[in-house]
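Participant: Residue strings, one per chain:
There are 4 protein chains.
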Amino acid sequence: TIQHIFKEIFKAGLELQEEDHSKALLVSRKKKPEDTIVDIKGEKIGDGQQRFIVGPCAVESYEQVAEVAAAAKKQGIKILRGGAFKPRTSPYDFQGLGVEGLQILKRVADEFDLAVISEIVTPAHIEEALDYIDVIQIGARNMQNFELLKAAGAVKKPVLLKRGLAATISEFINAAEYIMSQGNDQIILCERGIRTYETATRNTLDISAVPILKQETHLPVFVDVTHSTGRRDLLLPTAKAALAIGADGVMAEVHPDPSVALSDSAQQMAIPEFEKWLNELKPMVKVNA
Amino acid sequence: TIQHIFKEIFKAGLELQEEDHSKALLVSRKKKPEDTIVDIKGEKIGDGQQRFIVGPCAVESYEQVAEVAAAAKKQGIKILRGGAFKPRTSPYDFQGLGVEGLQILKRVADEFDLAVISEIVTPAHIEEALDYIDVIQIGARNMQNFELLKAAGAVKKPVLLKRGLAATISEFINAAEYIMSQGNDQIILCERGIRTYETATRNTLDISAVPILKQETHLPVFVDVTHSTGRRDLLLPTAKAALAIGADGVMAEVHPDPSVALSDSAQQMAIPEFEKWLNELKPMVKVNA
Amino acid sequence: TIQHIFKEIFKAGLELQEEDHSKALLVSRKKKPEDTIVDIKGEKIGDGQQRFIVGPCAVESYEQVAEVAAAAKKQGIKILRGGAFKPRTSPYDFQGLGVEGLQILKRVADEFDLAVISEIVTPAHIEEALDYIDVIQIGARNMQNFELLKAAGAVKKPVLLKRGLAATISEFINAAEYIMSQGNDQIILCERGIRTYETATRNTLDISAVPILKQETHLPVFVDVTHSTGRRDLLLPTAKAALAIGADGVMAEVHPDPSVALSDSAQQMAIPEFEKWLNELKPMVKVNA
Amino acid sequence: TIQHIFKEIFKAGLELQEEDHSKALLVSRKKKPEDTIVDIKGEKIGDGQQRFIVGPCAVESYEQVAEVAAAAKKQGIKILRGGAFKPRTSPYDFQGLGVEGLQILKRVADEFDLAVISEIVTPAHIEEALDYIDVIQIGARNMQNFELLKAAGAVKKPVLLKRGLAATISEFINAAEYIMSQGNDQIILCERGIRTYETATRNTLDISAVPILKQETHLPVFVDVTHSTGRRDLLLPTAKAALAIGADGVMAEVHPDPSVALSDSAQQMAIPEFEKWLNELKPMVKVNA
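Residue numbers (this note's numbering), protein chains in the order written: chain A, 18 to 306; chain B, 18 to 306; chain C, 18 to 306; chain D, 18 to 306.
Chain A on its own, in the form it takes in the complex:
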């Protein structure tokens, strides 16, 4: 019937439109079918092996970072995280050590031969950060800080981009496109939970986002289990889910003494907890052939 033909045209139009749009994006798997490998000091993120990034929420002192670095290195972990510039809801909360924090990270990285990742919150800090860190993290609150994305896209340094507090997957992909459109394809996407009505967890880990992002883009995908849940007791089960669903890696916060941490004390693992956690995960980690 006429009506049917009309509907078919309509459907074809819809598909055509959607296809066109995705095809246009540089981060899209339609544009580049093979996986992008992000090279961080020789660690090849996205090569099929599953990895861990751990470290304290905030850099507080050389001793604190070094202690976590030693524990991480002992476990074979190569990438350390630590916040120097902390975006905090209140201006009166601890704002991080700033450049001094980056210097501590650099010193620890050199001493332990680790790569370090730290959040940068404004374009003006990007240049200076290049001297100290191996990966620029762009945090959830800045996922649509487009000037920051463009600045991170204009330098030769891997970027870990966190999903916004309430960003759709489509917005997340477009944020990555802002970076890649400036010439930098060394991007790791990081699911870190989204804001919902549920209050049992700090955010709701959107685990389905992992296979969707892997399917829609050619970029590696991490899961930050600490910020997704905000609960120490959920770090192990959610990390298992992340590994099982095919994430390229898991990020978690580790602190020598969480009870006195200057931020996020309720959700960081102490070192013995971290070792137990990792040992329970190791049997299921995919190792590259």
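Derived from the structure by calculation, the hints contain no laboratory data.
Among the hints, erroneous ones may be present.
[What the hints assert, rightly or not] Cross-link-like lysine to aspartate or glutamate pairs, in silico, DMTMM-like; alpha carbons within 25 Å at most:
1. A:Lys167 with D:Glu117
2. D:Lys303 with C:Glu297
3. C:Lys167 with B:Glu144
4. A:Lys167 with D:Asp281
5. B:Lys48 with A:Asp250
6. B:Lys167 with C:Asp281
7. A:Lys47 with B:Asp250
8. C:Lys167 with B:Asp281
9. B:Lys293 with A:Glu233
10. D:Lys299 with C:Glu297
11. B:Lys303 with A:Asp250
12. A:Lys167 with D:Asp110
13. C:Lys167 with C:Asp202
14. B:Lys167 with C:Glu145
15. C:Lys167 with B:Asp110
16. D:Lys48 with A:Asp110
17. B:Lys303 with A:Glu297
18. C:Lys47 with D:Asp250
19. B:Lys167 with C:Glu144
20. B:Lys91 with B:Glu80
21. C:Lys48 with B:Asp110
22. C:Lys167 with B:Glu117
23. D:Lys167 with A:Glu117
24. C:Lys48 with C:Glu188
25. A:Lys49 with D:Asp110
26. C:Lys167 with C:Glu145
27. A:Lys167 with D:Glu144
28. C:Lys48 with D:Asp250
29. D:Lys167 with A:Glu145
[As the list claims (entries may be wrong)] What the simulated footprint calls covered on chain C by chain D, stretch by stretch (three residues with Cβ under 8 Å from a Cβ of chain D suffice, anywhere in the stretch; the number is not a length):
30. 181 to 190
31. 219 to 232
32. 238 to 251
[Claimed, not checked] Here's a subset of chain B near chain C, in silico, CB distances under 8 Å, partners left out:
33. Pro108
34. Pro140
35. Gln161
36. Ala183
A virtual CB, placed ideally from N, CA and C, is assigned to each residue, including glycine.
Given the coordinates of chain A, assemble chains B, C and D onto it according to the supplied hints.
Facilitator: Coordinates of chains B, C and D only, in the frame set by chain A:
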């Protein structure tokens, strides 16, 4: 200081209150530390083994159900699902075959020696349903239909309770309590995704709910991967995540010919897809010792 | 160009499809352009005049209801609300007086010549309720209890249908269609806030839903300011917004002594507060010419 | 009883804690009970009079802005909006004219003796923007771009701060505190809808946020009806609600020819629509005595 003592009292008060409340619930693990086993025709849900419940979204005909039953049985699956009373957003959508649907399920159950589960939507149908089905499903839209919960609690028949469209975990647990407070402890909780702003999936699978529910209650917990995602391409990765995080089982929709299904055609697996799906999951399924 | 023509066809198809669907609904303004008037004991809801429905959250005693009835009547209000069957999150919270509550409402209605509205939670109660109340309320938790909707649609009694906790406007309209498709067009829609991530209010009042519902359907629309906000200090400003945006009326909870109320004590107005509230609203109420 | 006394202490502790926190904030009404007046070229926002800010979504040309300016001025409006730096989801969407856009705004402002407001998206642009605009707008996506907030707080120029896409009211207030803690108290808060599951509107206008913000802070509060709803047909009813609930003003987008607008074409008013809209609102606008 005085202020400190005061704060301690305050915190103690907070904990006391929360503890009191959880302690009071019959479904709480504080009330009963050991796992509840739900016995469905000899299948002991919650005994540590991970199981599957599959079947069509809606019962459409004897042939349709029998075909899925044969495929399920071949794979060693013991529990079949199928909707007879379908709660649909529009009154003009297919509403299910009603009692005739239950009769089809019963006939197939007998012929294939399977247990069957079907949704009941109103207290008046509970009695009649007892003759036909092995598990009463209470759907997401009825999670706070308290009269239905009470009616299901008053009979001797296992109940699979789905989380409401936008229910908190706490409300979900209280809904189970409505059932158990009437004397029926044979309850399976089923996470099936929650409503969020994200539109890439039909609902957002709240995978963290699984360990929280296992921790807070003594009841077995399933994950319905079909309704969580609404996408056939996500059934495999999300099922892996559900098994890895410790769910007692996974529920998914299977239809002999999804493209002509009277409901949810976009998200059901055809039989060969289902077999492939299950084969990929089997290596990671926990089998009871 | 060809592409343009194609896009035009596509757009036309989209509009056609949407139009078709809305046209089919009996509650749609496309089906019936003029406003439906719901006649409640002579009060003609939807006639352009803005009205109030007040009363306690739960019926607790004859004296309690009578006291509110007297205050309401003094202010010219003709419709009293009061819950007899209370759907509560926990089975251990006060569940309402049941039929005894309906009898109290009936007695007060007769003595004060008021109409009364009360929530019915299961189809089996509908018949009995007809003897006692003038309007059947279907609550948020039961907005997609389709058997209840159908039962309410099959009797000759006005229905006040509340929007579900996390229902879309489209689902809300379809729920009303379940009632009207059974023959009952005496339906008042009631916006009562939706579930969001915001915790400053109990729910988030979706004020835009009012003009959308007025535009899409021919049914009168009320706003329940008590459940939308859950805060006594917001009852006045939100009622002003509801009246200004064109609601047919406002519903609010009034209790002789809120501090001892058996439910919702934090959000009900005491009688003097209620009188002050109404006096501040009166100048802006639209009165029918 | 002991238990009761304990609970009372507990409650008191809770209140004390909350009170303490709010008291500390400079933007809090507890810190400064009287309303803050934001002086924009002599317009005293927050003085009790309700005002309008209108203009195109994006500055496209001198002619376009001048045409809207003429229409606004004719209606007695003193403040014009227009985007020069446009934060867009996709890097391939129109990004605004940048500094050229600010120059156009400045020229129009001078010719028509209007004040102009425009969004600034990164700290590095703040200094330059001071020469061209009268109010710095900080957009929803940058509500927690803390470096931008601090930069805006360090200059002597009024700031209009929009609520984040999914920001809580508490986070919104803290974002304002970032500005004020740097010395700038000339802040207008702007509710612009929040992200929810509802798709009938672009965002969900959280109208209750207006009285809460007025109560919690001493800052003036505007409502952006265009971005809240994303629907031209809702601009009038939502503006009525905003005025009725006590907003200090309403912001809306006006474009000489919305159908060819480079952004947001579906939601801007053409000039005759704008005049009709304003005429319907004028009778209810509160004018300062």
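Participant: Each of the hints needs a verdict: does it hold here or not?
Facilitator: Hints versus structure:
1. This hinted pair checks out: A:Lys167 and D:Glu117 have alpha carbons roughly 20 Å apart, not beyond 25 Å.
2. With a C-alpha separation of about 15 Å, the suggested pairing of D:Lys303 with C:Glu297 holds against the 25 Å cut-off.
3. A hinted pair counts as satisfied when its Cα atoms are at most 25 Å apart, and C:Lys167 with B:Glu144 qualifies at roughly 20 Å.
4. Between A:Lys167 and D:Asp281 the CA atoms are separated by roughly 23 Å; this keeps the pair inside 25 Å, and the hint holds.
5. Note on B:Lys48 and A:Asp250: the hinted pairing holds, with a Cα-Cα distance of about 20 Å set against a maximum of 25 Å.
6. A distance of roughly 23 Å separates the Cα atoms of B:Lys167 and C:Asp281; the hinted pair therefore holds under the 25 Å criterion.
7. Pair hint A:Lys47 plus B:Asp250 holds up; C-alpha atoms about 17 Å apart against a cutoff of 25 Å.
8. Between C:Lys167 and B:Asp281, the direct Cα distance comes to roughly 23 Å. Compliance with the 25 Å bound is thereby established for this hinted pair.
9. Of the pairs offered as hints, the one joining B:Lys293 and A:Glu233 holds, with about 23 Å between alpha carbons and a cut-off of 25 Å not exceeded.
10. A distance of roughly 21 Å separates the Cα atoms of D:Lys299 and C:Glu297; the hinted pair therefore holds under the 25 Å criterion.
11. Taking the CA atoms of B:Lys303 and A:Asp250, the gap is about 22 Å. The hint holds against a cut of 25 Å.
12. Of the pairs offered as hints, the one joining A:Lys167 and D:Asp110 holds, with about 14 Å between alpha carbons and a cut-off of 25 Å not exceeded.
13. Distance check on the hinted pair: C:Lys167 and C:Asp202 sit about 12 Å apart at the alpha-carbon level, within 25 Å; holds.
14. Taking the CA atoms of B:Lys167 and C:Glu145, the gap is about 20 Å. The hint holds against a cut of 25 Å.
15. Distance hint between C:Lys167 and B:Asp110 is fulfilled; the C-alpha atoms sit about 14 Å from each other, no more than 25 Å.
16. For the proposed pair D:Lys48 and A:Asp110, the alpha carbon gap of about 19 Å is at most 25 Å, so the pair holds.
17. Between B:Lys303 and A:Glu297, the direct Cα distance comes to roughly 16 Å. Compliance with the 25 Å bound is thereby established for this hinted pair.
18. Of the supplied pair hints, the one linking C:Lys47 and D:Asp250 holds, its CA atoms being roughly 17 Å apart against a limit of 25 Å.
19. With a C-alpha separation of about 20 Å, the suggested pairing of B:Lys167 with C:Glu144 holds against the 25 Å cut-off.
20. For the hint linking B:Lys91 to B:Glu80, the alpha-carbon distance of about 17 Å falls within 25 Å, and the restraint holds.
21. Proposed proximity of C:Lys48 and B:Asp110 is supported: the alpha carbons are some 19 Å apart, at most 25 Å.
22. With a C-alpha separation of about 20 Å, the suggested pairing of C:Lys167 with B:Glu117 holds against the 25 Å cut-off.
23. About 20 Å separates the Cα atoms of D:Lys167 and A:Glu117, which keeps this hinted pair within 25 Å; it holds.
24. Restraint check: the Cα-Cα separation between C:Lys48 and C:Glu188 comes to about 18 Å, which is no more than 25 Å; the hinted pair holds.
25. Of the pairs offered as hints, the one joining A:Lys49 and D:Asp110 holds, with about 22 Å between alpha carbons and a cut-off of 25 Å not exceeded.
26. Of the supplied pair hints, the one linking C:Lys167 and C:Glu145 holds, its CA atoms being roughly 16 Å apart against a limit of 25 Å.
27. Restraint check for A:Lys167 and D:Glu144: satisfied, since their Cα atoms lie roughly 20 Å apart, inside the 25 Å limit.
28. Restraint check for C:Lys48 and D:Asp250: the C-alpha separation of about 20 Å stays at or below 25 Å, so the hint holds.
29. The suggested pairing of D:Lys167 with A:Glu145 holds, with an alpha-carbon distance near 20 Å, which does not exceed 25 Å.
30. Coverage of the segment 181 to 190 of chain C by chain D holds. Counting CB-CB distances below 8 Å, 4 residues qualify, and the rule asks for three or more.
31. Remark: the segment 219 to 232 of chain C is confirmed as covered by chain D, as 10 of its residues place a Cβ nearer than 8 Å to a Cβ of that chain, reaching the required three.
32. Here the segment 238 to 251 of chain C counts 4 residues with a CB under 8 Å from a CB of chain D, which clears the bar of 3, and the coverage holds.
33. Checking B:Pro108 against chain C: minimum C-beta separation of about 5 Å stays under 8 Å; hint holds.
34. The interface hint given for B:Pro140 is met, as the beta carbon of that residue sits about 6 Å from the closest beta carbon of chain C, less than 8 Å.
35. At about 4 Å, the closest approach between the beta carbon of B:Gln161 and any beta carbon in chain C falls short of 8 Å, and the interface hint on this residue holds.
36. The beta carbon of B:Ala183 is positioned within 8 Å of a beta carbon in chain C (closest approach about 3 Å), and the interface hint is therefore held.
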